[in-house]
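Trainee: Residue numbers (full-length UniProt numbering), protein chains in the order written: chain H, 1 to 218; chain Z, 1 to 242.
Hints in this document: simulated from the structure, not taken from any laboratory. Hints may contain errors.
In silico SDA-like pairs for lysine to any residue, Cα to Cα no more than 20 Å straight-line [claimed, not checked]:
| id | chain 1 | residue 1 | chain 2 | residue 2 |
| --- | --- | --- | --- | --- |
| 1 | H | 153 | Z | 141 |
| 2 | H | 153 | Z | 145 |
| 3 | H | 153 | Z | 152 |
| 4 | Z | 11 | Z | 231 |
| 5 | H | 153 | Z | 231 |
| 6 | H | 153 | Z | 153 |
| 7 | H | 153 | Z | 11 |
| 8 | H | 153 | Z | 138 |
| 9 | H | 153 | Z | 150 |
What the simulated footprint calls covered on chain H by chain Z, stretch by stretch (three residues with Cβ under 8 Å from a Cβ of chain Z suffice, anywhere in the stretch; the number is not a length) [claimed, not checked]:
| id | stretch |
| --- | --- |
| 10 | 93-107 |
| 11 | 145-152 |
| 12 | 160-172 |
Using N, Cα and C, we set each Cβ at its ideal position, and we do this for glycine too.
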Amino acid sequence: MIALLLRDLRLAVRAGGGFGLGLAFFLIVVVLVPFGVGPESGLLSVIAPGVLWIGALLACLLSLDRIFALDWEDGSLDLLATAPVPLEGIVTVKALAHWLTTGLPLVLAAPALGILLSLPQGGYLWLVVSLALGTPALSVIGTFGAALTVGIKRGGLLLSLLVLPLYVPTLIFGAEVARRGAEGFEVMTPLLMLGGITFGALALLPFASAAVLRINLR
Amino acid sequence: MSIWQYANPKKFMETTGPLLPWIGAASLTCIVTGLVWGFFFTPDDYRQGSTVKIIYLHVPSALMAINAWFMMLVASLIWLIRRHHVSALAAKAAAPVGATMTVIALITGAIWGQPMWGTWWAWDPRLTSFLVLFLFYLGYMALWGAIENDDTAADLTSILCLVGSVFAVLSRYAVNFWNQGLHQGASLSLDKEENVSDVFYYPLLVSIGGFILLFVFLVFLGTHTEIRARRTRALLARERMS
Numbered sequence: 001m002i003a004l005l006l007r008d009l010r011l012a013v014r015a016g017g018g019f020g021l022g023l024a025f026f027l028i029v030v031v032l033v034p035f036g037v038g039p040e041s042g043l044l045s046v047i048a049p050g051v052l053w054i055g056a057l058l059a060c061l062l063s064l065d066r067i068f069a070l071d072w073e074d075g076s077l078d079l080l081a082t083a084p085v086p087l088e089g090i091v092t093v094k095a096l097a098h099w100l101t102t103g104l105p106l107v108l109a110a111p112a113l114g115i116l117l118s119l120p121q122g123g124y125l126w127l128v129v130s131l132a133l134g135t136p137a138l139s140v141i142g143t144f145g146a147a148l149t150v151g152i153k154r155g156g157l158l159l160s161l162l163v164l165p166l167y168v169p170t171l172i173f174g175a176e177v178a179r180r181g182a183e184g185f186e187v188m189t190p191l192l193m194l195g196g197i198t199f200g201a202l203a204l205l206p207f208a209s210a211a212v213l214r215i216n217l218r
Numbered sequence: 001m002s003i004w005q006y007a008n009p010k011k012f013m014e015t016t017g018p019l020l021p022w023i024g025a026a027s028l029t030c031i032v033t034g035l036v037w038g039f040f041f042t043p044d045d046y047r048q049g050s051t052v053k054i055i056y057l058h059v060p061s062a063l064m065a066i067n068a069w070f071m072m073l074v075a076s077l078i079w080l081i082r083r084h085h086v087s088a089l090a091a092k093a094a095a096p097v098g099a100t101m102t103v104i105a106l107i108t109g110a111i112w113g114q115p116m117w118g119t120w121w122a123w124d125p126r127l128t129s130f131l132v133l134f135l136f137y138l139g140y141m142a143l144w145g146a147i148e149n150d151d152t153a154a155d156l157t158s159i160l161c162l163v164g165s166v167f168a169v170l171s172r173y174a175v176n177f178w179n180q181g182l183h184q185g186a187s188l189s190l191d192k193e194e195n196v197s198d199v200f201y202y203p204l205l206v207s208i209g210g211f212i213l214l215f216v217f218l219v220f221l222g223t224h225t226e227i228r229a230r231r232t233r234a235l236l237a238r239e240r241m242s
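Could you build all of it, start to finish, from the sequences and the hints given here?
Mentor: Set out below in structure tokens:
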């Protein structure tokens with residue numbers, strides 16, 4: 001499983017793997033927002049937590065179809081499925097690799113982009129905490145969506161349609177933590193809910209993803 | 001005798017086929033009775049005027065929008081566990097009906113909300129969760145449409161339905177947390193005091209009954225169509241072989 005993780009990380013970082021694309025997309029979304037709503041820092045600081053969360057979510061979505069598509073095309077997914085490691089474990093490792101190459105950079109880049117949106121002083125800590133706690137859920141849910149659509153040609157749009165409604169609870173609680181943090185309210189309740197969603201998804205969804213993958217490989 | 005014998009497509013067609021026109025007629029009668037009764041023979045509400053009458057469309061469609069998903073969940077479970085094809089096809093047939101009901105509920109709600117709340121749309125928990133439910137229906141139907149192999153499609157959509165149900169419930173509570181709403185609470189419960197008054201209650205019950213029958217009718221009709229389509233495909237395949 002560690003070998004698989006390292007392999008996925010190497011594939012993502014080397015040329016053509018799309019590492020950094022999500023990050024660049026995140027940057028562009030955040031830069032476009034002031035052009036759309038105007039440069040007043042008062043307005044920007046109000047919407048900054050939500051914009052950063054939506055940007056991170058879309059950047060995550062963008063790279064989802066890469067989780068299984070390449071392995072599906074060259075047949076290595078069939079080999080992985082017949083490997084002695086349970087498929088649930090493989091799916092989890094895939095999600096972890098996706099998080100390490102997409103979610104983690106987003107978390108680290110978010111405070112820098114928060115400056116661009118004049119995020120209030122107290123908001124940075126909770127923004128980073130909420131993204132760090134929430135983006136693993138996005139990766140795990142996205143892995144389920146990617147497993148569902150792996151056999152479909154040009155399934156990218158369908159993948160977005162399937163995954164975005166599943167992202168609703170994560171987005172609500174994540175953005176709520178960031179917003180309350182920025183406005184200086186207590187954040188414990190939504191933070192706990194966000195953690196509940198992340199760990200619940202992490203515990204249960206790999207089984208669904210693996211079941212779906214088995215059906216697709218049949 | 002067990003309920004599972006109706007999982008045999010032939011038996012299912014034979015039993016529900018003759019019933020179909022009756023269910024359709026009964027549903028039409030109930031809906032027409034409920035709506036005419038509600039629209040013309042009940043008094044206007046003292047505060048809401050005649051706008052209150054949209055309740056005879058809004059409440060039944062909203063009820064069916066949720067219960068259609070619940071029925072799909074049960075049918076998906078039956079397909080995953082016992083692998084009866086009729087069950088998977090019934091779930092497939094229920095999805096567009098449920099999606100339409102969701103749209104009807106949203107549109108009638110907007111038409112009512114414009115004069116009453118002064119807005120077509122508010123980010124109220126109930127309204128928002130219905131919109132999210134509509135997105136779930138769209139994704140479910142799109143997945144059915146995208147996969148060529150029937151059994152694979154049935155398997156994948158069933159699992160999506162299971163996972164989607166969990167997330168739909170989660171979203172419901174999440175939006176509750178996120179915004180306190182404008183929408184009034186339940187006023188049709190059997191055990192509460194402040195229900196709608198009887199004048200509005202009985203035509204509403206008739207209308208709800210009509211919508212339930214309409215749902216059953218449309219699901220049976222859709223399932224029949226799917227079964228016939230499969231038989232036709234099988235016949236064509238057999239002809240090509242010989």
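Trainee: Please go over all the hints and tell whether each is borne out by the structure.
Mentor: Right, here's what the structure says about each hint:
no.: 1; hint: H:153 <-> Z:141; in the structure: holds, 17 Å
no.: 2; hint: H:153 <-> Z:145; in the structure: holds, 13 Å
no.: 3; hint: H:153 <-> Z:152; in the structure: holds, 15 Å
no.: 4; hint: Z:11 <-> Z:231; in the structure: holds, 14 Å
no.: 5; hint: H:153 <-> Z:231; in the structure: violated, 27 Å
no.: 6; hint: H:153 <-> Z:153; in the structure: holds, 14 Å
no.: 7; hint: H:153 <-> Z:11; in the structure: violated, 37 Å
no.: 8; hint: H:153 <-> Z:138; in the structure: holds, 19 Å
no.: 9; hint: H:153 <-> Z:150; in the structure: holds, 17 Å
no.: 10; hint: 93-107; in the structure: violated (count 0)
no.: 11; hint: 145-152; in the structure: holds (count 4)
no.: 12; hint: 160-172; in the structure: holds (count 8)
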